[in-house]
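Colleague: Residue-level listing of the chains:
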Amino acid sequence: MAEKTVRLGSLLACAAIVAAAIGFAATTVRAAKATLTVYTAVEADDLKKYAARFNEDYPDIEIKWVRDSTGVITAKLLAEKANPQADVIWGLAATSLLVLKPEGMLMPYAPKGVERLDAQFRDKDNPPTWVGMDAWVAALCFNTVEAQKKNLPKPASWKDLTKPVYKGAVVMPNPASSGTGFLDVSSWLQLFGETEGWKYMDALHQNIGVYTHSGSKPCTMAGAGEYPLGVSFEFRAARQKKQGAPIDIVFPSEGSGWDMEATAIVKGTKNLEAAKTLVNWSVTDKAMKLYNEGYAVVAISKMSQPVEHLPANMLEHMAKNDFQWAATNRAKILAEWEKRYGAKSEPKK
Amino acid sequence: MRLFIGVIGLYLVAALALPLGLMLAKSLQGSRDEFVGLANYVRYFSTPALSQSIGNSLGVSILSTVITVPLAFLYADALTRSRMPFRGFFKTVALVPILVPSLLPGLALVYLFGNQGLLKAALFGHSIYGPIGIVMAEVFTTFPHALLIVLAALALADARLYEAAVALRASRPKIFWTVTLPGARYGLISATFVVFTTVVTDFGAPKVIGGQYNVLATDVYKQVIGQQNFQMGAVVSVILLVPAVFAFMVDRAVRRRQVALLSARAVPYEPKPQPLFDLLMLAYCVVIGCALLSIVAISQFAAVVKFFPYNLALTWAHYDFDQKGGGGWASYYNSIRLALLTSVVGTVVVFVGAYLVEKARGFALGRGIFHFLAMLPMAVPGLVLGLAYIFFFNAPANPLNVLYRTMTILVVNTIMHFYTVGHLTALTALRQMDPEFETVSASLKQPFYRTFWRVTVPVCLPSTLDIAIYMFVNAMTTVSGVVFIYGPKTELASISVLNMDDTGEIASAAAMAMMIFYTNVGARMLHLILARALERRTQAWRRR
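First to last, the sequence lines map onto chains A and B.
Mapping of the first sequence onto the working numbering: residues 1 to 349, in sequence order.
Mapping of the second sequence onto the working numbering: residues 1 to 544, in sequence order.
The set of hints was computed from the structure by calculation and includes no laboratory data.
It is possible that part of the hints are untrue.
Anything over 10 angstroms on all C-beta distances counts as not near chain B; from chain A, calculated [claimed, not checked]:
| hint | residue |
| --- | --- |
| 1 | L117 |
| 2 | Q120 |
| 3 | D125 |
| 4 | S157 |
| 5 | W198 |
| 6 | I249 |
| 7 | T269 |
| 8 | K270 |
| 9 | E293 |
| 10 | I300 |
| 11 | S301 |
| 12 | P311 |
| 13 | E336 |
Below, computed lysine to any residue pairings styled on SDA-like, alpha-carbon distance capped at 20 angstroms [said to hold, decoys possible]:
| hint | chain 1 | residue 1 | chain 2 | residue 2 |
| --- | --- | --- | --- | --- |
| 14 | A | K150 | B | K120 |
| 15 | A | K339 | B | Q52 |
| 16 | A | K154 | A | D118 |
| 17 | B | K489 | A | D60 |
| 18 | A | K302 | A | H317 |
We put the CB at the ideal spot given by N, CA and C, even for glycine.
Given only the sequences and the hints, what does the whole structure look like? Please build it.
Modeller: Here it is, written out as structure tokens:
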């Protein structure tokens, strides 16, 4: 009898655990009316804010983010070309959208109020296949504490970074995965010309500590003093400084490479109405103000307000940039970069 | 009975054999799925940036093995051959690395030996980002695995050999070389291959701390995630399979020979107190224990410090995962769901599977194939399995493709990934049971499921609990198996660690990794309590 009770007890215990596990696992989120799968390279710490702001106006559209670095999201979209998983692309480099456009992956659509955007912040076609959000601009994060310890002068130009004094002190993002890395490389090739540009990178390569996966990491590493100099971009630089990193933000004298974040509808989406709603919203004043919280230059440039820790004349720091050239040559540039610097076997000291 | 074998066998085929087969095929295809023969392999070997990873992988794996196995052996020697105090405590400490994802030692090493690291001077100007960091992280990760195997081997010692050696006046080192070491040789070989395989297939450590030092595992990831070049990813995966399968086969061959080592007349060895030796061993264990714990401690420290290294004030801000990259707190709850489902469903599948292999009669060929499939996952790296799942479950023609990017596929994958150890545990437990139970119940005209439910399951309950906790802990920590197949709604804690490290939020990455650690500690303690309670009830028949 006792034996039976014992067995029953243990069985009940097991059943309770199983039931608890299944019950917990089966908890589902209450479904919203429409769900959009949105591919993005927007900075991860801002994603929830973007969705929340949009949901203030459209609570019935739920955004499912798929976020990664620019290069990864671009590659993912290309790989899924036959069977697209995304409804909308919100916050991806214009140079990447220009790669997707000739593949026929984007649906032309003119959101309400698109004419208010500066001409260079929207696709030239009518209706445009993509619309801009804001510019993100290359910037150097320079750790002043470590610089003092190691007696490093503050660099003023891109060329300065190749000086022997910075050996092993510079971090930059890998352009294959990071949009920031790609805009650096493409701007150097445009600023210095192709031959000189690659020569410049050969010299810079000698000073690189590591190439990182994302464009933010060089600045967070510089902020933490892991490496004194990070080639990153202005949004992350300003935010690092705000969080207490002992850094100076440098915009090199030759001019900073830049790219813009942009929005597009993926052709073949099953949620076209919701997708249009999101893209319409993405060019409203409210959205511009949202972008402006982190980025100094937004697509309606007269709306741009200065951002804390960043210079007011950001537009003047931005180098001339031929997006079409960068997009057309993207694959070739990345292959060349990979060949030259991808196989670095060990970080130089 | 055949029906049951068929059902679970089908599961193994669908969740293991077909995806792997498809992956092999993919490595022979071009970007439009046309057959290109060995062209991809030719391209691989003619691209130095890719093929040099083979040497790098083998290099760090061999070095890690050469360091880990002797360290673990000495530690095991201290635990079994000395009378030093706190042996139980030190054994527990040594198992800590099992409870954390292999990303964690990488993060911790940045804080310890990075350019701002607390112990940077110890590297004499060498960079932690690269082979040095990888090897240090791998030694941490593989230490408990080597230790457990060596401990099992040393536990088989026959006291009579030691008594004979002492009677012959052999010196202490001589006893070590002529009795202890040969007795544990199979364990040592086994540990060597397990450590080697673990390192060669590990993805977490080189991803976080490897810098520009490419290894095979990070190459698979870069090809698939970074460039979405699935064919080349498949090629690297196949190359990664070679050393893993080789090590697996040697290990199997060695383990088979070990069985007959302990004779029925052996007397268990019980060490006598030897003050100096015990003290030395204690000192050694303290050093190793501190090294292991410091990795965990520094991670926790980094997770609550405001801005390392400039502002060491305490803060909880890094735990505000919802404001960071990665999947936020939702990913943590996803991980717990995955771990619970994997441990419950996995234990049932594995145990029933092992029962059918061991206790069923007839259908020998089917059971043989089944057993082979159950052993296979041991040799398949997580990344390779994950990639194979993309090919299999994302194929438009596959009716199972609705599972793609769901929790279900993560559960299926994780059970498969960790199937072998559970299978072996269950087999061992089942083999201890006399087959007469089955014969008697058959002669009493009882159906087999009744015997199974009323005799087999209760008797084997401790082992099933072991399988469950093993599945739970591994589901919490795994990165490599799931990194290719998680979806927007099924991001996991371990994946969040990876993604937060990628964007430079290292403190939050460490905080999340520590959440995994604490969860696993909790699960282990619960397991201990449950096991004790159940053992008292269901195992009473073992005592007189």
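Colleague: Against the structure shown, which of the earlier numbered hints fail to hold, in ascending order?
Modeller: Per hint list: single violation, 16.
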